[in-house]
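Using UniProt numbering, read the sequence shown as starting at 1 and increasing by one per residue.
Read the hints as simulated data drawn from the structure, not as lab findings.
Check the hints yourself; a few may be wrong.
Stated by the list, open to error - Capping the alpha-carbon separation at 30 Å, the derived lysine-lysine pairs in BS3-like fashion look like this:
| id | residue 1 | residue 2 |
| --- | --- | --- |
| 1 | K77 | K170 |
| 2 | K170 | K160 |
| 3 | K77 | K160 |
The structure displayed is predicted, hence computed values, not measured ones.
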Amino acid sequence: MDQPPPAIPPEQLALLASEDHGPRTIGIVVAFTVLAFLSVILRFVTRTRLTHLVGWEDYLIALAMAFSIATSACQVKQVGWGAGKHQVFVDLPSTINSLRYLYSSILTYVLGFIFVKLSILMQYRRIFSVNEARIPIYIVMAISVITGIIAFFTFAFECKPVDAFWNVTKRPTARCLDENAIRYGNSSTNAITDIMIAALPIRGIWRLQIVRRQKIALIFVLTLGWFVCIVSILRFNALVVLARHPRDMSFYSAPAIYWNAIEINLAIVCACVPTLKPLVVQIIPVFASRGSENSSGRKSGSLKWSKLARQFRRLDGNDVAVARSTDVEQGSMGSELKSITALPPMQREPSSKVAIRVTHDIQQQSS
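All chains should be built: construct the whole structure from the sequences, respecting the hints.
Take a look at the structure:
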């Protein structure tokens, strides 16, 4: 390591040496990467073990997680080569290596975010099957892919020759784009597409024929991307601060590094949370009954709901649908359980068709 300039007083050097954002940066990067990885693991456990339904959105989020891990690895290496320390303590070879990993982390970050957005939008496509609702999804999907590809190639070929991005000794003779303009443009585009993705499901959910409480809950779960929008703003602010300190970029790059990690990993978590309800219900069964409560209950405290499950049996080569229903009526004096179980198998000709109809008499108590 090169010796610091002697003109700096020892007291000031000691103060600058103590201002090292490296450990905090590594802690944040690793913590959010692990959180995102666990959410993806739980998502695949839910899909493969409980719902037995794995779709394109799941494969896309797995790709996003792979690029996020690659991004985090590059960011940790950046810190290892001096990011987070004041520039006076970072020599030229360390600066070159740190910028080399910065270059790689930017490319993996851009690719990872493309796959995160595609995963969320494919999930919307699965939920909203009406063509009228899918058209905006396709539009935002196209915008996200196009802007992501443009950002990738812009960052990849920011300098000519390419290695002038990290080899600062070639900068005087290289042709490079304005890096601040590129970063601001990419951050702004990301924020806009994040807002569009977060706002997409609101209209469709509000038109569903369900009680308002359930609508609000669905909107909250499916629009967790608003948290990512907030992080995008904070990341943009970190880039502005970095641009104001061109002579100490190694120190001021640390917040931009960990806000990058927070943004992409939080986006992965937000994409996975809506898929985890079956797992949550499996672990905490009380959540399963909340959605089955009837919204037409009276103020007297009477509560009534009906559960209907269908079982299909094959008898002599024909399918018979057998309905089972359980009605629970709870009043102020106790509860009464009435159940109708499946009828026993009937003797019939092999070619005959059997239909079983069960009727229910439901009484509503009122005070």
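Taking the hints in turn, this is what the structure says about them:
1. K77 to K170: Holds. K77 to K170 sits at ~22 Å (cutoff 30 Å).
2. K170 to K160: Roughly 10 Å between the alpha carbons, so the hint for K170 and K160 holds.
3. K77 to K160: Measuring from Cα to Cα gives roughly 24 Å; hence the hint holds.
Checked against the numbered hints given earlier, this structure breaks none of them.
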